[in-house]
Amino acid sequence: MTGKMKKLKNMKKTTKSNMITYGIVIVAFLVMQILISTGNISSLLQGLMVPLCIYIILAVSLNLVVGILGELSLGHAGFMCVGAFSSAFFSKCMKDVITVAPLRFFLALLIGIAVAAVFGIIIGIPVLRLKGDYLAIVTLAFGEIIKNLVNVMFIGVDSNGFHFSTKDVMSLNMEPDGTVIMNGPQGITGTPRDATFLIGVVLILITLFIVMNLINSRDGRAIMAIRDNRIAAESIGINVTKYKLMAFTVSAALAGGAGVLYAHNLSTLTANTNNFGYNMSISILVFVVLGGIGSIRGSIIAAVILTLLPEMLRGLNDYRMLIYAIVLIIMMLFNWAPKAIEWREKYLSFGKRKKEAVK
Amino acid sequence: MSFISYLINGLSLGSVYAIIALGYTMVYGIAKMLNFAHGDVIMIGAYTALISMTQLGVPVLPAILIAVVVCTVLGVVIERIAYKPLRNASSSLAVLITAIGVSYLLQNIALLVFGANTQTFPSVVKWSGLSLAGGQLKISGVTIVTIAACIVIMIVLTLFVQKSKPGQAMRAVSEDRGAAQLMGINVNGTIALTFAIGSALAAVAGVLLCSAYPSLDPYTGAMPGIKAFVAAVFGGIGSISGAFVGGILLGVIEILGRAYISSQMADALVFAVLIIVLLVKPTGILGKKIQEKV
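Residue numbers (my numbering), protein chains in the order written: chain A, 6 to 364; chain B, 60 to 353.
Hints listed in this document are in silico derivations from the structure and should not be mistaken for laboratory results. Please note that a few of the clues may not be correct.
[Said to hold, decoys possible] Among chain A residues calculated to face chain B with C-beta under 7 Å, some are:
id, residue
1, L135
2, Y139
3, G195
4, P197
5, I215
6, P315
Being a predicted model, the structure only gives us computed values, none of them experimental. Cβ coordinates follow ideal geometry from the N, Cα and C atoms, glycine included.
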């Protein structure tokens, strides 16, 4: 017993912090499960559990790009879109072939993540040559292009195989027995609803495991070195392109995983501005900013608060986006304005000053 | 004939992009920031003109003037409250994220005040336009006025920046902010002036855009705003003539793409242009190359 205690004490600070983060997620999940099974939670809130998991995964994965890599990506929802549609496509095709729901979901997840990762690499190679404002606007552009492309895709299947068109269902030229899988702006309907709260939480834990291990690894330190000073990092032999691409691709793949969860939580999947467009990318950014740029635990907490708060205070729902906007501006001013930093150090740094005195 | 009429429509849309792009390019040149909220200032300008005309019964020209004044004040207030405190922030992401927040704030205020319904914008140009080649080629009045307005604005602005004292101050601040300050130039005032000019132009652009495409909702400004930024980058950011060239080219590309390739993919085409330009020639057509210093 004492040995264990000693081990806990000698644990590295980062490991301890990671354990706390895993612990928070697991405890929160158990509490919610108990509340759900005792019937203390409204069905509305219960329906919000899977979306909440999706938001947490998205926020954590975006934090990898914004907080750790130090670049602003406004196309995060695009990767989610890619993951969602590729996995929904697979699940709909395999609906009658693979009847075991968890297996089907697992395969769909692998496909969604893989496709999103491939898109991450394809988009990352040109985009990561840029930085700052340009990178932000180009990721935004890619997000919109992905959304537009999805909205003009028509795919159907019949006895002759797959048919593809960018015009309409008629030009697919299918046999009468064929079914339309992807119907342009109407998207994919009839995806099996395989996503559950448990799967969502497991995915969150996997996401956390990947992101936190990456941050605390040699690779993660290289990525942060690039963030802090690209030229200095380059001069000590860090391969800037490789590490930037690594962070970007991992982030894209995780967003794809969130997309898979999203697709399998709804029976109808369409791509519009609110779910896979600019608005979604901004909402995720708000979670990251409110939780603290670079703080993984903060992203989780912010995603939970900003998702549950407007639903619990019903009158607030109309003002949700307005509140997001104000939160974004005030957080940035409070955290980054030199005057605000000065003010904070003057009045709010009792803890810090004590530490310095001890030193 | 249809090709020529598409081309003229493209020139007209491009003129609107060019006027909006001026706002981006001047602010980017002087404050070194991407004013994400610029597109939403356009939307506010269009709403102001619409309400002045339909609810208050103001004639067209005073209504445009009211929109210009409202947008100028709005632009300066945004700069003062949201951007100025972050001018010397350690992270360049800070001001970019704040600008996104302001953009979002304006959209959602408009959503609450004016509602989500699309409103029909009455044309500010009563002239029915020209009919050439025996009625085969029709050019609407709005198109001609838009192109003319764009050319006039370009000439006036170029003269202002090249010849006037405040214009020289703007060029000095954009070249080296610290040195300009040492020379006794009021840097904060110059940056505020830049925002004022950019926002005033945004109001004009909003009215012209909504006259040509007469529907207005709280998201009207967002897409043209982003496309105008693409135009500014295309032409070379920081350069006034670059904004003109980039805007016109982008407008023509968009209209021709819509006509001959696919109407749904026109937006994607515009963004593809941005990506190609940034990869091939990041400084744009008329931009200057600046060496990165260590």
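The hints, checked one at a time:
At about 6 Å, the closest approach between the beta carbon of L135 of chain A and any beta carbon in chain B falls short of 7 Å, and the interface hint on this residue holds. Restraint check, Y139 of chain A versus chain B: the minimum CB separation of about 6 Å is within 7 Å; hint holds. Residue-level restraint check for G195 of chain A is violated (minimum Cβ-Cβ distance to chain B is 24 Å; threshold 7 Å). A distance limit of 7 Å between C-beta atoms decides the matter here; for P197 of chain A the minimum to chain B is near 29 Å, and the interface restraint is violated.
Hint status for I215 of chain A: violated, given a least beta-carbon distance of 23 Å to chain B, over 7 Å. The criterion of a C-beta within 7 Å of any C-beta in chain B is not met by P315 of chain A, whose closest approach is roughly 13 Å, and the hint is violated.
The structure is inconsistent with the numbered hints 3, 4, 5 and 6, although it conforms to all the rest.
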